Amino acid sequence: MSTMRGPHDLGGLKLGPIPIEKNEPVFHADWERVVFGATICAILKGVNNVDEFRSGIEQMDPKRYLAATYYEKWLFTLEYYMKRAGVLSDAEIGAGMDTWRIAMESRPGKPGTTGAIPLPVREDRELLDTINWLIPNGASSRREIGTAPLYRVGEKVRGRFVEPAPHTRIPNYCQGRTGSVRRIHDAYPLPDEVVRHEPEAPQYIYAVAFSARDLWPDAEAGTEVLADLWESYLEPAA
Amino acid sequence: MSHDHPDDHSEVALRTRAIESLLIEKGYLTTAAIDRLVSAYENDIGPMLGARVVAHAWVDGAFRQRLLADGTGAMRELGYGGFSGENMVVVENTPQVHNVVVCTLCSCYPWSVLGLPPTWYKSPEYRARVVREPRAVLQEFGLELAAGKDVRVWDSSAEIRYLVLPERPVGTDQLAEADLATLVTRESMIGTGVPKRP
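Protein chains in written order, with our numbering: chain A, -19 to 218; chain B, 11 to 208.
Keep in mind that the hints were calculated from the coordinates and are not lab data. There could be a bad hint or two in this list.
[Unchecked claim] Once the Cα atoms are required to be at most 27 Å apart in a straight line, the calculated BS3-like pairs of lysine-lysine come out as:
hint	chain 1	residue 1	chain 2	residue 2
1	B	159	B	206
2	A	43	A	25
3	A	25	B	36
4	A	25	B	159
5	B	132	A	2
6	B	206	A	2
7	B	36	B	132
8	B	132	A	-6
9	A	136	B	159
10	A	63	A	-6
11	A	63	A	25
12	A	-6	B	159
13	B	36	A	63
14	B	132	A	43
Quick caveat, the model's predicted, so the values are computed rather than measured.
Work out the full structure, taking the sequences as your base and the hints as a guide.
Here it is in structure tokens:
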């Protein structure tokens, strides 16, 4: 019935209570700020694209994936692509960590002093300009294509079975299941092809409505799940 | 420097520090770049922007129609949009329908009008359960939906980012738009809550 699923493909699993934190800060630690910034800079520097960023996280061991915090996952994928690009090595990272460890342990409890090893100083005007442009303008991958959508609103469609590796964006719960087209979005490149660096062939995306009871017999009644699915993830369901 | 925090001796902090230093050295990163990105989402961009969109839709029916027809374009009228909010769809709560947003595959979220997502939104528990038992999940947020109301759960599995337009609370006819915006919570724009009462 179901195909393989990656560790990230969680829709429909029966997990525990939602961890709700009152008055949550945007970041919980300074290292999270660095990982956040460094990950976006890696993308802007062309080390990897956004789809690869997600695909990298999906390579994590399932146990590690479920235990990791959000920014630990980001750090994993940042390292993964920096190593692939030959920018970083485990040996360098290990040596760097030892240096910082020694610096910290040699100055116990003195606030401010463990920053004693200064970070390298570098200016990059172009990077800063790119960020200042990116935040208000974004980087949409929406494309105009000359063809009409294959499916119309209200039409019954079925999710195809798609191999999860290295990357796809059809959730496991849609695969082999029949739903109805609710909205037709614009066309965008297919992430499965983007991570393989194939020539761009944008497709329409459809919001497909599934009855939750059709997906899971014990789902709550009166619930619809709407997934956004690229055209090639779908087939007609007469 | 906001991220120059000397007291965190955890392995992940140490590892991040080592990587940060190496990436700066190799020309992939600067502290100014990190500070700019962090500052944008800690200070300038957050749920207060989405709240203004919602309040404006509550007082201006023509804007509400444009917002529902073209979320991206209507938000642009107010000056909102950009990174991780390039293509927006707004879904409206009504007495019959309650909408909830999730990303089951990662944590896609409309940063441009809500800022960075909270931990619960990114948690495996929320991503796994809300598609199957949304009412049970909403109860954990203290939200009890009226019996008979339909629930639509939007899984942001592609390039579109979703925002919920919640119902305007009763008894707010006399309130000005700016006061209405203070009633609009982050959770009410994701669908795990409803706006505050005045």
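Hints versus structure:
Our distance criterion of 27 Å between C-alpha atoms is met by residue 159 of chain B and residue 206 of chain B, whose separation comes to about 20 Å. Straight-line distance between C-alpha atoms of residue 43 of chain A and residue 25 of chain A comes to about 31 Å, which puts the hinted pair past the 27 Å bound. Simply put, residue 25 of chain A and residue 36 of chain B have alpha-carbon atoms about 12 Å apart, close enough for the 27 Å limit, and the pair holds. The suggested pairing of residue 25 of chain A with residue 159 of chain B is violated, with an alpha-carbon distance near 48 Å, which exceeds 27 Å.
A C-alpha spacing of about 15 Å is found between residue 132 of chain B and residue 2 of chain A, which places the hinted pair at or below 27 Å, so the restraint holds. For the given pair, residue 206 of chain B sits about 16 Å from residue 2 of chain A by alpha-carbon distance, which is consistent with the 27 Å threshold. Restraint check for residue 36 of chain B and residue 132 of chain B: not satisfied, since their Cα atoms lie roughly 31 Å apart, outside the 27 Å limit. Taking the CA atoms of residue 132 of chain B and residue -6 of chain A, the gap is about 16 Å. The hint holds against a cut of 27 Å.
Distance hint between residue 136 of chain A and residue 159 of chain B is fulfilled; the C-alpha atoms sit about 24 Å from each other, no more than 27 Å. For the hint pairing residue 63 of chain A with residue -6 of chain A, the CA-to-CA distance comes to about 35 Å; that exceeds 27 Å, so the pair is violated. Between residue 63 of chain A and residue 25 of chain A the alpha-carbon distance is near 15 Å, which keeps this suggested pair within the 27 Å criterion. For the suggested pair residue -6 of chain A and residue 159 of chain B, the alpha carbons sit about 23 Å apart, so the restraint of at most 27 Å is met.
The hinted pair formed by residue 36 of chain B and residue 63 of chain A meets the criterion: a straight-line CA distance of about 13 Å does not exceed 27 Å. A distance of roughly 16 Å separates the Cα atoms of residue 132 of chain B and residue 43 of chain A; the hinted pair therefore holds under the 27 Å criterion.
Of the hints listed earlier, those the structure fails to meet are numbers 2, 4, 7 and 10, in rising order.
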